[in-house]
Amino acid sequence: MLGFFQTGFGSLTWGSIVMIFLGCVLLYLGIAKKMEPLLLVPIGFGTVLVNLPFGGLMECIVAGKVVESYAIGGEPAGLLSRIFYYGIAWEIIPCLIFLGLGAMTDFVPLIANPKTLILGAGAQFGVYFAFFMALLIGGLWPDLHIGIKEACSIGIIGGADGPTTIYLTNKLAPHFIGATAVAAYTYMALVPIIQPPVIKLLTTKKEREIYMKPQLRPVSKTEEILFPVITAAIIILLVPKSAPLIGMFMFGNLLTVSGVTDRLADTAANAFINILTILLGLCIGAFLSAEAFLQVKSLAVFGLGVVAFAASTAFGVVLAKLMNLFSKEKINPMIGAAGVSAVPMSARVVQKMGQEANPRNFLLMHAMGPNIAGVIGTAVAAGIFLGMVG
Amino acid sequence: MGVDWGFAGQIGGFGFGLVFVVLIILALAIWLTGLILSRITTGKGEAGDKKK
Chain D
1 MLGFFQTGFG SLTWGSIVMI FLGCVLLYLG IAKKMEPLLL VPIGFGTVLV NLPFGGLMEC
61 IVAGKVVESY AIGGEPAGLL SRIFYYGIAW EIIPCLIFLG LGAMTDFVPL IANPKTLILG
121 AGAQFGVYFA FFMALLIGGL WPDLHIGIKE ACSIGIIGGA DGPTTIYLTN KLAPHFIGAT
181 AVAAYTYMAL VPIIQPPVIK LLTTKKEREI YMKPQLRPVS KTEEILFPVI TAAIIILLVP
241 KSAPLIGMFM FGNLLTVSGV TDRLADTAAN AFINILTILL GLCIGAFLSA EAFLQVKSLA
301 VFGLGVVAFA ASTAFGVVLA KLMNLFSKEK INPMIGAAGV SAVPMSARVV QKMGQEANPR
361 NFLLMHAMGP NIAGVIGTAV AAGIFLGMVG
Chain V
391 MGVDWGFAGQ IGGFGFGLVF VVLIILALAI WLTGLILSRI TTGKGEAGDK KK
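From first to last, the protein sequence lines stand for chains D and V. Our numbering puts the first residue of the first sequence at 1, with every later residue one more than the last. Our numbering puts the first residue of the second sequence at 391, with every later residue one more than the last.
In isolation and in its complexed conformation, chain V is listed as follows (with noise of 0.2 angstroms):
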């Protein structure tokens, strides 16, 4: 059985380039969504003491 060497390249080469890539955009996207919802509620509880 012959082997595509330059299509093995490609699927190992960008196929694990993507792993790290999707994995990156992952972790970036939970740590704003924690950085948002800290953000709002501490702006909330500002809110809170103002009113009080």
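Looking at chain D on its own, in the form it has when it is part of the complex (with noise of 0.2 angstroms):
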């Protein structure tokens, strides 16, 4: 009886429930544990989805063949599927969730402070060192099929910043998106844990206490206005393949900052923005289905994404600790780790362990220019890789 109907029981491998349980874990780490509830729920939630068998969301027509997980160069089929072809391999929802960000954005520390601009760019270490790394992986084991395209989208994990990966990715090695992404979002979620205890032992408990003057210098409106039209302009010129990024952060910020469009400022730092993170956890999540994640490239993706973080975290302490030997005023060198672009976790991370080293410093202010500064500077890391190899 109803033999013409099929239940997915039969059809759940050990491969899905594996990943359901992923899925449910993510799920327990947002809900439960408050742990980027944002970017964790509905990743997770999508990774049980896709992992019940016959759900048809991610599937894609081949040669005339329906296939159930998403297949470059085939034709999206299912809902997940089609949100993906549409709004990330067409490159609109990672750039324009920066639009989004601009809009949230407040540059005034990175403004008041420019000079944190350089900590933004050292901790682009990470991204680099991770690049050469994944190459060096490649190398000793072809079977990753890791060359210079995959090294780059995997190096550039260690910016943190996830809609840059995925936009990356998607330009220069697509078969690795599943990967990276997640690796990027996982990351940016675990930023409380990867980054303090690279930073203490970076530092000394001296170097950690180091008091900064809560105050920046007042920054007038006129320089908040200019400062996207010039920000936009001097990094389009100079690295022209970082305009779609750069580009919406700018105008997403130009939106708030002139006062005029706070109809259109409010929407893309609200209900804009939501829709898509919705639409991308969505997504992402929808790429860990057993038969694509549980390979050994996906979890040498995540060792080598780690690494990417720590180094870029590293890098950025030390080149705060190398402009204090060259400045007056001191700066405090845990704020050099915040250069990576996870905004705001990681100016925060650098907040409470200032206040845990001397409870007199209010750190948060000045990690956050960094914390911008790493933002802009994974853009320009991410257009200067497609400039070179895309």
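What the hints contain is simulated information worked out from the structure, not anything from laboratory work. Nothing here was measured: the structure is a model prediction, and the numbers come from that model. By construction, the Cβ of each residue, glycine as well, lies at the ideal position given by its N, Cα and C atoms. Please note that the accuracy of each hint is not assured.
[As the list claims (entries may be wrong)] In silico SDA-like links for lysine to any residue, alpha-carbon gap of 20 angstroms or less:
(1) D:Lys-115 to V:Trp-421
(2) D:Lys-115 to V:Ala-398
(3) D:Lys-213 to D:Met-323
(4) D:Lys-206 to D:Glu-356
(5) D:Lys-34 to D:Val-343
(6) D:Lys-149 to V:Leu-408
(7) D:Lys-321 to V:Phe-410
(8) D:Lys-241 to V:Asp-439
(9) D:Lys-149 to V:Ala-419
(10) D:Lys-115 to V:Leu-418
(11) D:Lys-221 to V:Gly-424
(12) D:Lys-221 to V:Ser-428
(13) D:Lys-221 to V:Gly-396
(14) D:Lys-221 to V:Leu-425
(15) D:Lys-115 to V:Gly-402
(16) D:Lys-241 to V:Gly-402
(17) D:Lys-221 to V:Thr-423
(18) D:Lys-241 to V:Val-411
(19) D:Lys-115 to D:Lys-34
[Claimed, not checked] For the chain D half of the interface with chain V, some residues (derived, Cβ under 8 angstroms), not all of them:
(20) Gly-139
(21) Ile-148
(22) Glu-223
(23) Val-380
(24) Phe-385
Please assemble the complex out of the two chains, which come individually in their own frames, going by the hints.
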């Protein structure tokens, strides 16, 4: 009876059960532990959904045949495969997320203290370190098929910027997009766990206690308005391929600081970015199917991702210590760790550690400068990769 | 998959260097803008004082 009707039970594999469990872990971390719930809840639920057999959410048609998982070059036929194809493969969602981020970001700490841009640049070290590590591993294990383009996509995880990672990987190595996107977003959520040991390893207690005056210099409204225009012009002239990311980022900020487009700024910073986050989160989760994810190459990407992230944190701290050798007014070297672009988690970690070391210290605003500089730096690094190998 | 280490070195070395150059140029531009704007504001303030 009902032989024509097929349930999914019979087709559950060990792989899909493992991935459903992983999805539940992500949901638990997001809901119970409140670790980046805006990211982990959609990603976790997407993971559960896509691993339930015959749901067809990531179906694609390849040469007239329907396949369950997403296939590059195939015609999307499922709900999430269509969202992925038109939203991400067409490079729309990651760039528009930058528009929302720009509208949400307060650049005043960066404008007040532009030298923090150097810390944002230094924290890109992890990107290039992981790039070489990926090439080395690709050379040692040819079966992983890691060439220069794949290495660029893995390296950019070190920037801890999800949309940039997705944008670059989609352009250079779309077959790696699931692993790199999940690694980038997972490490962004794990900032409070990954960064403190690296910071503690590279700083003495005395250095962590360095006091920074809480006030930054006042920034005029004209400066705030000129900032996105000047930044977009300079960066796009120097690194043209960064235009989609930097252009949207600065446009979003202009909407906010101009003071005449409040409705647009409000939409970009709230409803718009929320919609995009839902779509992006579900799509990333949908890439965590057992057949796509439970592979050695995904584990390699995950391993290299954490190396990239730790190296970025480390170099940011070391650079801040180097800057202290040449500057009269000492900076707390921990703010260098905020040069990775996980905004504002990284700055919050520095603030918390700063207060633990010296309760008088209030480092949040100081750490926001390198933190925002890190977003710009990662987008620039992605643009350079695209300009050289894209 | 063979790796062209020469090209990889160019990407790594030139790329990381260029990130620094771009962000240093940007830092200088932001600093200069702030300086010019503060000079203009101070100049306007002094001119207003003289008129009074």
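Against the structure, the hints:
no. : hint                   : verdict
1   : D:Lys-115 to V:Trp-421 : holds, 9 angstroms
2   : D:Lys-115 to V:Ala-398 : violated, 29 angstroms
3   : D:Lys-213 to D:Met-323 : holds, 17 angstroms
4   : D:Lys-206 to D:Glu-356 : holds, 12 angstroms
5   : D:Lys-34 to D:Val-343  : holds, 16 angstroms
6   : D:Lys-149 to V:Leu-408 : holds, 19 angstroms
7   : D:Lys-321 to V:Phe-410 : holds, 17 angstroms
8   : D:Lys-241 to V:Asp-439 : violated, 49 angstroms
9   : D:Lys-149 to V:Ala-419 : violated, 33 angstroms
10  : D:Lys-115 to V:Leu-418 : holds, 8 angstroms
11  : D:Lys-221 to V:Gly-424 : holds, 11 angstroms
12  : D:Lys-221 to V:Ser-428 : holds, 12 angstroms
13  : D:Lys-221 to V:Gly-396 : violated, 47 angstroms
14  : D:Lys-221 to V:Leu-425 : holds, 14 angstroms
15  : D:Lys-115 to V:Gly-402 : violated, 23 angstroms
16  : D:Lys-241 to V:Gly-402 : holds, 17 angstroms
17  : D:Lys-221 to V:Thr-423 : holds, 12 angstroms
18  : D:Lys-241 to V:Val-411 : holds, 16 angstroms
19  : D:Lys-115 to D:Lys-34  : violated, 34 angstroms
20  : Gly-139                : holds, 5 angstroms
21  : Ile-148                : holds, 6 angstroms
22  : Glu-223                : holds, 6 angstroms
23  : Val-380                : holds, 5 angstroms
24  : Phe-385                : holds, 7 angstroms
The structure is inconsistent with the numbered hints 2, 8, 9, 13, 15, 19, although it conforms to all the rest.
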